[in-house]
Each structure stands twice: as structure tokens, then as C-alpha cells.
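Trainee: Chain residues, written in single-letter form:
2 protein chains.
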Amino acid sequence: PALAPRPRRSLALTAALTMLCRALLLLVASASATNLLSLRGGQKEKEKVAIIGSGNWGSAIAKIIGRNVLALDNYDDEVCMWVFEEDINGKKLTEIINTEHENVKYLPGIKFTENVKAVPDVTDAVKDATMLVFVLPHQFLTRTCPKITGYASGCRALSLIKGIEFSETGPILISDMIKDEMKGMDVSVLMGANVANEVARDEFCESTVGYKVKAHGEAFQAMLDCPTFRVGQIQDVAGTELCGALKNVVALGAGFCDGLELGGNTKAAIIRIGLKETMKFAKMFFKGIKDETFMESCGLADLVTTCFGGRNRKCAEAFARKEGTWDEIEADKLNGQKLQGTITCKDVMVVLKNKGVEDQFPLFKRINEIAFEGAPVETIIEL
Amino acid sequence: PALAPRPRRSLALTAALTMLCRALLLLVASASATNLLSLRGGQKEKEKVAIIGSGNWGSAIAKIIGRNVLALDNYDDEVCMWVFEEDINGKKLTEIINTEHENVKYLPGIKFTENVKAVPDVTDAVKDATMLVFVLPHQFLTRTCPKITGYASGCRALSLIKGIEFSETGPILISDMIKDEMKGMDVSVLMGANVANEVARDEFCESTVGYKVKAHGEAFQAMLDCPTFRVGQIQDVAGTELCGALKNVVALGAGFCDGLELGGNTKAAIIRIGLKETMKFAKMFFKGIKDETFMESCGLADLVTTCFGGRNRKCAEAFARKEGTWDEIEADKLNGQKLQGTITCKDVMVVLKNKGVEDQFPLFKRINEIAFEGAPVETIIEL
Numbered sequence: 018p019a020l021a022p023r024p025r026r027s028l029a030l031t032a033a034l035t036m037l038c039r040a041l042l043l044l045v046a047s048a049s050a051t052n053l054l055s056l057r058g059g060q061k062e063k064e065k066v067a068i069i070g071s072g073n074w075g076s077a078i079a080k081i082i083g084r085n086v087l088a089l090d091n092y093d094d095e096v097c098m099w100v101f102e103e104d105i106n107g108k109k110l111t112e113i114i115n116t117e118h119e120n121v122k123y124l125p126g127i128k129f130t131e132n133v134k135a136v137p138d139v140t141d142a143v144k145d146a147t148m149l150v151f152v153l154p155h156q157f158l159t160r161t162c163p164k165i166t167g168y169a170s171g172c173r174a175l176s177l178i179k180g181i182e183f184s185e186t187g188p189i190l191i192s193d194m195i196k197d198e199m200k201g202m203d204v205s206v207l208m209g210a211n212v213a214n215e216v217a218r219d220e221f222c223e224s225t226v227g228y229k230v231k232a233h234g235e236a237f238q239a240m241l242d243c244p245t246f247r248v249g250q251i252q253d254v255a256g257t258e259l260c261g262a263l264k265n266v267v268a269l270g271a272g273f274c275d276g277l278e279l280g281g282n283t284k285a286a287i288i289r290i291g292l293k294e295t296m297k298f299a300k301m302f303f304k305g306i307k308d309e310t311f312m313e314s315c316g317l318a319d320l321v322t323t324c325f326g327g328r329n330r331k332c333a334e335a336f337a338r339k340e341g342t343w344d345e346i347e348a349d350k351l352n353g354q355k356l357q358g359t360i361t362c363k364d365v366m367v368v369l370k371n372k373g374v375e376d377q378f379p380l381f382k383r384i385n386e387i388a389f390e391g392a393p394v395e396t397i398i399e400l
Numbered sequence: 018p019a020l021a022p023r024p025r026r027s028l029a030l031t032a033a034l035t036m037l038c039r040a041l042l043l044l045v046a047s048a049s050a051t052n053l054l055s056l057r058g059g060q061k062e063k064e065k066v067a068i069i070g071s072g073n074w075g076s077a078i079a080k081i082i083g084r085n086v087l088a089l090d091n092y093d094d095e096v097c098m099w100v101f102e103e104d105i106n107g108k109k110l111t112e113i114i115n116t117e118h119e120n121v122k123y124l125p126g127i128k129f130t131e132n133v134k135a136v137p138d139v140t141d142a143v144k145d146a147t148m149l150v151f152v153l154p155h156q157f158l159t160r161t162c163p164k165i166t167g168y169a170s171g172c173r174a175l176s177l178i179k180g181i182e183f184s185e186t187g188p189i190l191i192s193d194m195i196k197d198e199m200k201g202m203d204v205s206v207l208m209g210a211n212v213a214n215e216v217a218r219d220e221f222c223e224s225t226v227g228y229k230v231k232a233h234g235e236a237f238q239a240m241l242d243c244p245t246f247r248v249g250q251i252q253d254v255a256g257t258e259l260c261g262a263l264k265n266v267v268a269l270g271a272g273f274c275d276g277l278e279l280g281g282n283t284k285a286a287i288i289r290i291g292l293k294e295t296m297k298f299a300k301m302f303f304k305g306i307k308d309e310t311f312m313e314s315c316g317l318a319d320l321v322t323t324c325f326g327g328r329n330r331k332c333a334e335a336f337a338r339k340e341g342t343w344d345e346i347e348a349d350k351l352n353g354q355k356l357q358g359t360i361t362c363k364d365v366m367v368v369l370k371n372k373g374v375e376d377q378f379p380l381f382k383r384i385n386e387i388a389f390e391g392a393p394v395e396t397i398i399e400l
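Residue numbers (our numbering), protein chains in the order written: chain D, 18 to 400; chain A, 18 to 400.
Note that these hints are calculated values from the structure, not bench results.
Among the hints, a few may not be true.
What the hints assert, rightly or not - Derived lysine to any residue pairs resembling SDA-like cross-links, with alpha carbons at most 25 Å apart: (1) A/307 x D/306; (2) D/304 x A/307; (3) A/297 x D/247; (4) D/307 x A/252; (5) D/293 x A/243; (6) A/307 x D/331; (7) A/300 x D/306; (8) A/293 x D/239; (9) D/331 x A/326; (10) D/339 x A/252; (11) A/307 x D/339; (12) D/293 x A/229; (13) A/293 x D/339; (14) D/293 x A/357; (15) A/297 x D/308.
Claimed, not checked - Stretch by stretch, here's where chain A covers chain D in the computed footprint (C-beta under 8 Å, at least three residues): (16) 72 to 81; (17) 127 to 138; (18) 198 to 212; (19) 337 to 350.
Unchecked claim - Covered stretches of chain A, as calculated for chain D (at least 3 residues, CB under 8 Å): (20) 69 to 81; (21) 274 to 285; (22) 312 to 322.
Because the structure is a prediction, the values reported are computed rather than measured.
Every residue gets a Cβ at the ideal spot worked out from N, C-alpha and C, and that includes glycine.
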């Protein structure tokens, strides 16, 4: 041993350096992989969720998230929910929510866990957040986002907004609108067969997170999944989101069938053709669309629910029964809510006509003809 | 020209021989491709359809086929329908059908075209037929087929029978049972969202022919397709047939949801998971299964119809409401018809357990536990 001291020292040094390097690499890898490690003190920095919106669906999801984070070690207990302030019988809605733990206006009868905190100022609501949940009418995005773009660099977003925008050249995803407004923030989406009141009552249902970045999809899944609200995930934002938007058009066709008192066979055929046209539309305008997406909750299951239970179906049934114009029916049946399917239907037709491909979408075309061009409702079956 | 007479004659001879060969090849190709050309007199031999069975579904399809063949040049006008003879108020059922053109027992109120001929002897019914439509309870196959195997070499078959048989090693398709009984006859299948009475009333619906031989699929499509009964086709007999069989198991789960008064979200989730397990089951036991099959009418559409309207759903709802045993409920609700879903459910579980894969099918397993092993109905959502 005395014969070779230098090589030994050298080996020991190499080994020490290697270990140090490995430790550093591991540290860096962990930090960059999860965004959770704070180097100050080596403590994990917890995820903090902010919900932007507090209507019926926003409140239902606040109940789920609020309860879930209490059981998750790496999520901060407090969930801030931005509430557009309103006066309810002389009291502020935020105060009612924070004392009674219930959104008495939009989700009466359902209690939040106490860690859900209503905040009237959206900038305050997203303070310290790492995960933003967008669940407000998409018309409000352009005035809300500029107040919170300061959080863009550190946050990831999840959009629960079902709808779609259109330019003359094609459809624009709401998730892409949010991404643009939020300076390139990564945006996942949540779509599925989720009637808000049923979710809030803990009835069993499923939903789908469509993500681009796998780690983000997994973080949102952990935030949402629970025994009664089962969340799947798929790497296909556009496919997931388009399912959520176009189902409302198909539901108009389903409603026409109901108004004509056609049987279950006919409605099943409309649902099937509608899902196939949705798939074709998605593939025509976006890349990376996966066939499997349409078999997830966001596709098949949401479409079935909407075609049997949704508000677009209900109004289209009334239209088929000649109970009034769309505006009259909307005012009569929806208690202030908006009919999304008719708007989407018109927009979809503009895009298809501009591209000269409307004949490849016989169901969407026929629904539009019946809804807006005076075609007899009976022609819904002439496909 | 006079300098080279031989090559010219040779060329002319070659040309003539070539033409002759081409004509012969064309003749042979046409004949073998369509089976329609009779070389005697060069006249087309017409297709002749025989329907084996005359219950509710058999009668509905007889109405469609009878009307269709009248408009098709290459189909014989006469459609024979084998009717199991019964006495109806002192008259023979076949006589009533042949004079009143109505199956007063199994499809009252619906008139056949006059070319549909009821025949009490199955051997007489299939005489001269080129296309056999099997639409009888599959329990009758082993006693009926031996009487008509003499027609096996020249005929092709279509099975409308929804069900499945099981050996200890795995599932046996009804179409394969027919094929075996009929000495290797090629058998296609027709499955879809087709409630017999709605089809008979000409309500719009779709169906799917699953075929092995493309020309046969096309011939059956031509025989069946009409503006209200739209027939698609796909080269996947097993996938198409399994959709028709397993939907009844899923419908039990849907009925449990209804009995528990769960919402539309829950039922949509059951339908979606059910379709995925059907797909997985098909791929596990049969080759050549196509994903697209499950998006055809036989898959998605039939499952939706069955889970909202079928008899398995109805009886499972009653079971969930604790209205009796399966036998009591069947006797009470089905007016003599049989509950297919419970039988299929048990058989499916035997096969899955034998293969040791039951845990890969949580929905099928849970439905079986609730239906036959005393598990609380409420556990239907614990998947």
C-alpha cells in the first residue's frame, strides 16, 4: 500500500468529485422535473391552486379541489376562488361564501370545505398560486387575464371552459386564447361528462385532462381525481377541447329527434354520426389528434350525457315543437343561461364553408339548415 | 405488304387469341366475383333471399328486405320466411301472414309487401335461396340447421342473432356455430342500434354488416340498405358480433344506475367503460378486431340505445329497486321474452376467470358481483 499513495489519493478525489456531481445532478434533475423543490432549506414548495371563476361549474369544482388538497401533502391547503362580487340580500357574496362555505347563488345547498376562500379581486386570488383553474365565460378572458399575466412565468393553467372561437381561417381553441393572453403559459384542459350539480352531489362520473406537458397533466389529475370524480388523462389538448365544444351542436340534432318523438335508434345514430364528424373536424384543423381521445369521457361519455340531458338538447326539442325562435326559447327555458350550441353551430358552418368542405359534414350541415335556414326539422334523418 | 404475309397472319392470330383469352378471363372473373352470372344463356341468375325465423326482429327485417328486393334488378322478388307454425284463434299463422301480409302475433300493425311468403317448413323456405338470413333464438340452430345443410355449398349467410356461446376455453361466436352447422358456409353478421318495432315503423336508424368476404358484405348491404335503415359495413365479424352480445351486460350496469336514481354522468361513464371493456374482451379472444368497429352503429350506437331503452336495462333497474329475483323480474316484465344479459354476464365471467384476467375487466366483474354474488348495488360506481 505504501508504494502507491498518489494514485490512491487521486482515486479518492475522483470518487468524491463523482459523488458530488451525482448529488448535484440529482438535485437539479429533481428540481427541474417537478418544480417542487426549493433549494432554500431543501423543503418542497407546495402547489397552490387558484380558481378563476365561481359560477355553477366553478363552484362544483371548488368543492372537489378544496377537499382533495387537504389530503395531498404537496398541495397548499388554501384554495383561493375569484368571485365576481355581487350583493345578495344586502350581503356580499364573498362574505357569505367565507362564513357559510356555500355559494348560495350558483350552487346552493352544497358546502365547500373551509379551506376554499372567496376573493373578490382576481389579482389577490392568484397571489402565490402555481396552478390556475380557468372556469369563467370565455368572453371575460380578455378583461381578466391582463390583471394576472404577472403570474405567467411560474404557473400552469387548466381550462374548464367549454366553447370555441373562430377566425375566418379556422377554429381557435379557448386554451390557445388563454395561452396567448397569459404570455405563453402552458394550458391543459378538463372536459367530460360532468353536469355541475351531479359532480357537486358526489355522483360518480369521469372526466378527462387533455395535456401537452405530461407532468402538468399528472399534477392536475392529482388535484382533481377522487373516488366519485375519476379523472383520466390524454396528451391531446385540441381533441379533448373540441369534444367539449362540438357536443353542443350534436345535442341540437338530438333535441330535434326528441321534438319529433323519434325513437332511441334515431338518437343513437345522430350521436354516433356526430362523434365521427367531431373527430373528422378535429383532424382537419389540428395536428396530433388521437383517436383514443374520442373514447375518453370528454368524447363519447360527455356527448351521450349532453344528448340526453343537456340544455341544448332541451331547447332544440322546443324548437322542433315550434315553441318559438331560438331567442324566445332561450329566454323561456334557460333562466338566464346561454345556449352555446347554436352559436357554435353557426361558427362551425362559416369555417367549413370557407374551406369548402361542408358536404363532408352532412350532420353539422343539416343541423345548421334546420336551425337557421328554414329546413324542415324532419330532414334531420335525411343524411 | 406481299413480302411478309406470315408475320401478319401470325400477328392477327395472336391478336385474336389474346382477345379470346381476355374475354374468357373477364367472364370467369365476373362470375367468380359476383356469383351472379349464369353461363347458361349468359343471363344473370338472381339472388334469392330466405329468412329463417319470424319473431319480432325477423318480421321487422322481412318488411325491409321484402320492400328492398322489389326495387333491385338482381334479386328475385319472392322472399320466403320460415315461420314456426302456430295456431292463432283457429287459423294457421302462415295462412294469416300470406293473406293479411302481417305477422299478427309478433309484429302486429305492420304490413309486409306481398312478396314476403310465410313457409311452415324450413327446407321448403330455403329452396332455391342464395342468401340465408338467420334470425331465430340460437338455441334452435342445432335442430334447424341439419334440415338445410344441403344448401350450404351455394349460399352465403347473414346472422342477426345477438348472443354468444361459451366453451371452457373461451367465447364461441354464433356466426361460427352457424358456419360449423352449415358445413363451412361463409357467415356475415348484422348488428346495430335496431329496436325491431322502430325499424318496422321506418324510424331512421343505422346498422352494421360485419363481413369476412367483401362481396358478401356488399350483397347483404344492398339487400338491407334503404333511406330509413342505413347499413354500414366493416370487415370484422367477431368485433361486430361481440358488440351485439356484450352490450346486454353493460345495460345491466346502466339499469343499476337507473334503479339507484344516479344521474346522466354516471350512466355515461358506465357506457364508456363498458365499450372499452367490450373492445378489450374482443381483442383478447379474437384476431383481426378493428378499433373502428366500436365506433360503428353495432358498437357505440347500439350500446347507447340498449342502455337507455332495452329490456336488460329495465330488468336491472327493477333488480336495483329490490323488486324480486331475476326470474321473478323476467317473468313480470318481459312478457315471455328472455333476459339475455344475465346469461351472457355469467358466461363472460367464467371465461375471464378461467383465463385469470377478471381483474382487467372491473365493470363486467362488478356487474356480475351485484347480479349474482350479493354485492350491494351501490358498489356499481366503485370501479
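Trainee: Each hint needs a verdict: does it hold in this structure or not?
Mentor: Structure-based check of all given hints:
At roughly 19 Å between alpha-carbon atoms, residue 307 of chain A and residue 306 of chain D fall within 25 Å of each other, so this suggested pair holds. With a C-alpha separation of about 23 Å, the suggested pair residue 304 of chain D and residue 307 of chain A falls inside the 25 Å cut-off, and the hint holds. Straight-line distance between C-alpha atoms of residue 297 of chain A and residue 247 of chain D comes to about 20 Å, which keeps the hinted pair within the 25 Å bound. Pair hint residue 307 of chain D plus residue 252 of chain A holds up; C-alpha atoms about 22 Å apart against a cutoff of 25 Å.
A distance of roughly 21 Å separates the Cα atoms of residue 293 of chain D and residue 243 of chain A; the hinted pair therefore holds under the 25 Å criterion. With a C-alpha separation of about 35 Å, the suggested pair residue 307 of chain A and residue 331 of chain D falls outside the 25 Å cut-off, and the hint is violated. Note on residue 300 of chain A and residue 306 of chain D: the hinted pairing holds, with a Cα-Cα distance of about 23 Å set against a maximum of 25 Å. For the given pair, residue 293 of chain A sits about 23 Å from residue 239 of chain D by alpha-carbon distance, which is consistent with the 25 Å threshold.
Annotation: proposed proximity of residue 331 of chain D to residue 326 of chain A holds, straight-line Cα distance about 19 Å (limit 25 Å). Proposed proximity of residue 339 of chain D and residue 252 of chain A is contradicted: the alpha carbons are some 43 Å apart, above 25 Å. Between the alpha carbons of residue 307 of chain A and residue 339 of chain D the distance comes to roughly 43 Å, so the proposed pair goes past 25 Å and is violated. For a cut-off of 25 Å, the pair hint linking residue 293 of chain D to residue 229 of chain A stands: about 24 Å separates their Cα positions.
At most 25 Å may separate the alpha-carbon atoms for a hinted pair to count; residue 293 of chain A and residue 339 of chain D exceed this at roughly 39 Å. Restraint check: the Cα-Cα separation between residue 293 of chain D and residue 357 of chain A comes to about 30 Å, which exceeds 25 Å; the hinted pair is violated. A threshold of 25 Å between alpha carbons decides the hint, and for residue 297 of chain A with residue 308 of chain D the separation of about 16 Å falls inside it, so the pair holds. Check on the segment 72 to 81 of chain D: 0 of its residues sit with their Cβ under 8 Å from a Cβ of chain A, so the three-residue criterion for coverage is violated.
Closer than 8 Å: that is the beta-carbon criterion, and the segment 127 to 138 of chain D has 0 residues meeting it against chain A, so the requirement of 3 is violated. Coverage of the segment 198 to 212 of chain D by chain A holds. Counting CB-CB distances below 8 Å, 3 residues qualify, and the rule asks for three or more. Remark: the segment 337 to 350 of chain D is not confirmed as covered by chain A, as 0 of its residues place a Cβ nearer than 8 Å to a Cβ of that chain, below the required three. By the rule of at least three residues with a Cβ nearer than 8 Å to a Cβ of chain D, the coverage given for the segment 69 to 81 of chain A is violated, with 0 such residues.
Only when three residues or more bring their CB closer than 8 Å to a CB of chain D does the claim for the segment 274 to 285 of chain A stand; here the count is 7, and the claim holds. Counting residues of the segment 312 to 322 of chain A whose CB lies closer than 8 Å to any CB of chain D gives 8, so the stated coverage by that chain holds, three being the minimum.
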